[in-house]
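Participant: Okay, here's what each chain looks like letter by letter:
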Amino acid sequence: MKPSAVSGRWQTARLVFQRFAFVALVVAAFALMLLGKADTILVERARTIVVDAMAPVIRALSQPAGAISEIAENVRDLANLRAENARLREDNEQLLRWRDMARRLEAENAELQGLTDYVPLPDSRSFTIRVMGDTGGAFAHSVLIAAGSQAKVRKGMAVLSGDGLVGRVAQVGQRASRVVLITDITSRIPVVIENTRTRAILAGNNTEKPRLIYVPAGARVSPGDRVVTSGHAGAFPPGIPVGVVSSVDDTVIRVQPFMDRDRLEIVRLVDYGLSGILGSLDEESRAAQAEALKAAREKGKAQRLKDSQQPNPDGAPQLQTPADAAEP
Amino acid sequence: MIIEKTFRQKCDLAIRQTLPFLTAFIAALLMATQTHVPRLNSMMPMFTLGVVFFWAVHRPLLFGMGSAFVIGLMQDLVTGVPLGLGTLILLLTRAAVTPQARLFLGKPLVFHWWGFILISLAAAVLSWVLAALILGVIAPIGQVLMSALLGVVVFPVTYGICILLERLLVEEP
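Chains A and B, in that order, are what the protein sequence lines are. Positions 1 to 328 (my numbering) are the ones given, in order, by the first sequence. Positions 329 to 501 (my numbering) are the ones given, in order, by the second sequence.
Source of the hints: derived by calculation from the structure; they are not laboratory data. Misleading hints may appear alongside valid ones.
As the list claims (entries may be wrong) - With the Cβ distance kept under 10 angstroms, some of the chain A side facing chain B (calculated, not the full set): (1) Ala21; (2) Leu35; (3) Val51; (4) Ile58; (5) Arg59; (6) Ser62; (7) Glu70; (8) Met132; (9) Phe139; (10) Val180; (11) Thr183; (12) Thr186; (13) Asn206; (14) Thr207.
Quick caveat, the model's predicted, so the values are computed rather than measured. Where a beta carbon is used, it is the ideal one built from N, C-alpha and C, also for glycine.
With the hints as extra help, turn the sequences into a complete structure.
Facilitator: Written as structure tokens, this is what we have:
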């Protein structure tokens, strides 16, 4: 056989193999898309492992940008020093007035809680973590934080900045975790309009301004209204500041979040012991929650027994405590 | 006469041969860094697309389909976007560009730039459609196009870095 014929056949075989490889890899890419939809746990685990392994490199690559940003911030701060000082003095005076009011309300609240036998939410645990990466681009809004299960980070923890709610922990590795932001397209948070107590769901849409959906018909919502978490579905406790209503038109209500994605450097992770819609807290938290619920039920039963022995002289309706509400 | 390569030479060769892959790998990780530039993170340019485009034209043998697949997969896992999205985009880019390499080789940067604009546009539209199909919701097209535009704007930088690295490939140790 001639050498050129051998070489020609070899090249043809190679071409066929390459074409086959291309088709196989395209099929594999589509299979990955299906896998991402079908087996989220497996994909989540793979993401966690890869992010964990790449965390030191991402942190190192983020450092130059962080340093430049810090220098720019310092220059800006120096330029605004006088105005900033005046503003802070004013803020301080206002905050001192608020502190006095808060103390008075705290005492009043404690007294009322004692009177109504209120069962408070479990104590929260919090710690502060540095943000090391911002991922996702136009298709996902999430950040990577430089702490994982080694630092007792748990899935479902609320993530706050100094301004308000940032998001929740969605994946936990050993040294790094992913936080899904409230602006992410998959994010749905039960909220209320603070002054009217109108319930709604804050739906992320991968823009800087998420939308309010499922707003009851006829509800009054105006630009400038504060939006806070409602505490429904057990995802977050009530009252965490989320943002302000920025625009209202016939079809869409947009919210400007308090958190600023581009300025996120340090965040606070808070474990309120709520599994909520995530339903993925560890056994320890579940046991603690079950214990608290059981104690609350027993307390409620004892209270009802006591009340039934002492008839209500006014015939006025009794206040329903959360313990009563928790009864099946 | 057969000249045995020393260990150092072997290492040098291995590094040179993996240079295209390493460049794309770093580009994928760069996409997960925090820039602190207002609004940039939600419109992060797809650095990997420029890198894959360059190596698909200049060194297709050192950056094959498998490399494009692995880089895309890693990018999807790190950035948290739907799995398979970046993988398919990079794979198709590699497959579409290499057969046209002769059109680009030896031509000035502007020529490459035009080619990259077309690829970027196609990649942006395809990824937007795929993301909508996978997520079941429509992502804002404006951000996707802005991200592609930023990728086009930074392409000369990517190209310059890759050209410098390619020179390392041809230099004698």
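Participant: Would you mind marking each hint as holding or not holding in the structure?
Facilitator: For each hint, the structure was consulted:
Here the hint on alanine 21 of chain A is kept, as its CB sits about 6 angstroms from the closest CB of chain B, short of 10 angstroms. Look at leucine 35 of chain A: its Cβ gets to within about 7 angstroms of chain B, closer than 10 angstroms, so that hint holds up. Annotation: interface hint on valine 51 of chain A holds; nearest CB of chain B at approximately 6 angstroms, less than 10 angstroms. The closest approach between the C-beta of isoleucine 58 of chain A and any C-beta of chain B is roughly 5 angstroms, which is under the 10 angstroms cut-off, so the hint is satisfied.
A cut of 10 angstroms between beta carbons decides the hint on arginine 59 of chain A: the least distance to chain B is about 9 angstroms, and the hint holds. For serine 62 of chain A, the interface hint holds, the least distance from its beta-carbon to any beta-carbon of chain B being 4 angstroms, beneath 10 angstroms. A hinted interface residue such as glutamate 70 of chain A counts as satisfied when its beta carbon comes closer than 10 angstroms to some beta carbon of chain B; here the least separation is about 9 angstroms, so the hint holds. For methionine 132 of chain A, the suggested interface contact is upheld, since its CB lies about 7 angstroms from the closest CB of chain B, less than 10 angstroms.
At its closest, the beta carbon of phenylalanine 139 of chain A sits 4 angstroms from a beta carbon of chain B; the interface hint therefore holds under the 10 angstroms criterion. Look at valine 180 of chain A: its Cβ gets to within about 8 angstroms of chain B, closer than 10 angstroms, so that hint holds up. Checking threonine 183 of chain A against chain B by beta carbon gives a least distance of about 8 angstroms; that is within 10 angstroms, so the hint holds. For the restraint placing threonine 186 of chain A at the interface with chain B, the shortest Cβ-Cβ distance is roughly 7 angstroms, inside the 10 angstroms limit, so the hint holds.
For asparagine 206 of chain A, the shortest C-beta to C-beta distance to chain B is roughly 5 angstroms, which falls under 10 angstroms, so the interface hint holds. Below 10 angstroms, beta-carbon pairs count as interface contacts, and threonine 207 of chain A has one with chain B at about 5 angstroms; its hint therefore holds.
When each numbered hint is compared with the structure, no violation occurs for any of them.
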